[in-house]
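Student: Next come the chains, spelled out residue by residue.
Number of protein chains: 2
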Amino acid sequence: MKKIEICLSPELIHLHDLKGKIVVVVDIFRATSTMVTGLANAVQSITPVAGLETCRAMKKEGYIIAGERNGQTAEGFELGNSPLSYLKKAYEGKKIAVTTTNGTLAIELSKKDADEVILGAFLNLQATADYLVQKNKDVVIHCAGWKGMFNLEDSLYAGALVKRLAGHFTFDCDGAIAMKSLFEQHQNNLQGFLNQASHAKRLQNHNIEADIDFCLTMDKYDLVGKLQGEALIKVNPQKETT
Amino acid sequence: MKKIEICLSPELIHLHDLKGKIVVVVDIFRATSTMVTGLANAVQSITPVAGLETCRAMKKEGYIIAGERNGQTAEGFELGNSPLSYLKKAYEGKKIAVTTTNGTLAIELSKKDADEVILGAFLNLQATADYLVQKNKDVVIHCAGWKGMFNLEDSLYAGALVKRLAGHFTFDCDGAIAMKSLFEQHQNNLQGFLNQASHAKRLQNHNIEADIDFCLTMDKYDLVGKLQGEALIKVNPQKETT
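Residue numbers (the numbering used here), protein chains in the order written: chain H, 16 to 257; chain B, 16 to 257.
Because the hints were derived from the structure by calculation, they are not lab data.
Be aware that a few hints might be false.
[As the list claims (entries may be wrong)] In silico PhoX-like links for lysine-lysine, alpha-carbon gap of 20 Å or less: (1) Lys162(B) to Lys18(H); (2) Lys249(H) to Lys110(H); (3) Lys126(H) to Lys249(H); (4) Lys150(B) to Lys126(B); (5) Lys18(B) to Lys162(H); (6) Lys241(H) to Lys150(H).
The structure displayed is predicted, hence computed values, not measured ones.
Just chain H, with the same shape it has in the complex (with noise of 0.2 Å):
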């Protein structure tokens, strides 16, 4: 059976061998949450970029740009990281490019000498653990974080996905025995869980319920988020072949 391992921070990830696995990278409040919706609703493509500059300046090349800082939409910058911006097929066969604090980060830091990386998010975790499944390959699920930091809503996500693959992959890792347990303690009640979490935190999140509420919505998408080159595309898992 292939091995499932938890990365709980990027800050982590060079102590994981990427070679020959997928890496689910989640960023759960919102950049993953945000490109599966985005792909669900028929953009194009999602290109992931570091910086805020290097965002701008592809508006000249037709991208749309989306960024946020602390929870902002960046100046100048059409759309923020809200998933229900793309809502309602919004933003069809548009090109996105998008700069957030931990999520583009995470991505970029798995693209190197990972097989493959997909994007995780509640909204297509059963889709997510059915592709997985499909592709029988070593997983490595690397979490976005805080700052570098250990992060609630990531980590129960990932504990999430662990258990859904429970029986498929062996989990030979303590950060999966940990979250798959804590998230089967708090999966009947995950926002009120999660609304303990740290103050700082919560005040970035300030004004976003309405997002973060959609964002906890389970298998709502089902659709694969994969990075092919630099950019984010829909894949539909019963129809790849591997």
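Given the structure of chain H, go ahead and fit chain B onto it with the hints provided.
Tutor: Okay, now just chain B, sitting in the frame of chain H:
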């Protein structure tokens, strides 16, 4: 109220500002449990050193040398890393020099900036909690981890200490929220939960079942182990004045 933070790995300690704070270093299997046991059994002091060779050289200076690599007593060393070796005051009055895989590193990385470095172990959990309440400074619980990664038993200890300190301290840290919850879920069967720990770690811990039982004993000793200069010494929390 003063704050508690958890640092889940020495690889993340640079994200924490340790100035003015007390750092509780924890390596449950077995470095810090063994050190607490030694201090409770009347050793004079325990000096943690980074390398095997440095430690070996201290024999000539009159130290009893203790060292393990990958769970085994290192060649030419009198002691390995078993807490049981120190029982019945077997090394009463002796100065011990010790090197271990993860614990020594965590102490080394903590001592530069912290106000104080003390030892964390289930064996003296309440004494340590009482000491921290008495001192009334911000606290960072520094988990030694396993080869830089998240470690189940050290994290559970961190959760246990947060639980004992709740009401006296605030914890504005996702790691603290998560580990307190995980400890609460498994506090009545720590050993059963820890039996799920990673296969590689279990192999490393082979033939140390008696040590593991001992290290999971709660509140056996009423003392605090504190770094003073280069050596860990025993402090009686009731008698020290601030």
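Student: Could you work out which of the previously given hints the structure breaks and list their numbers from low to high?
Tutor: none
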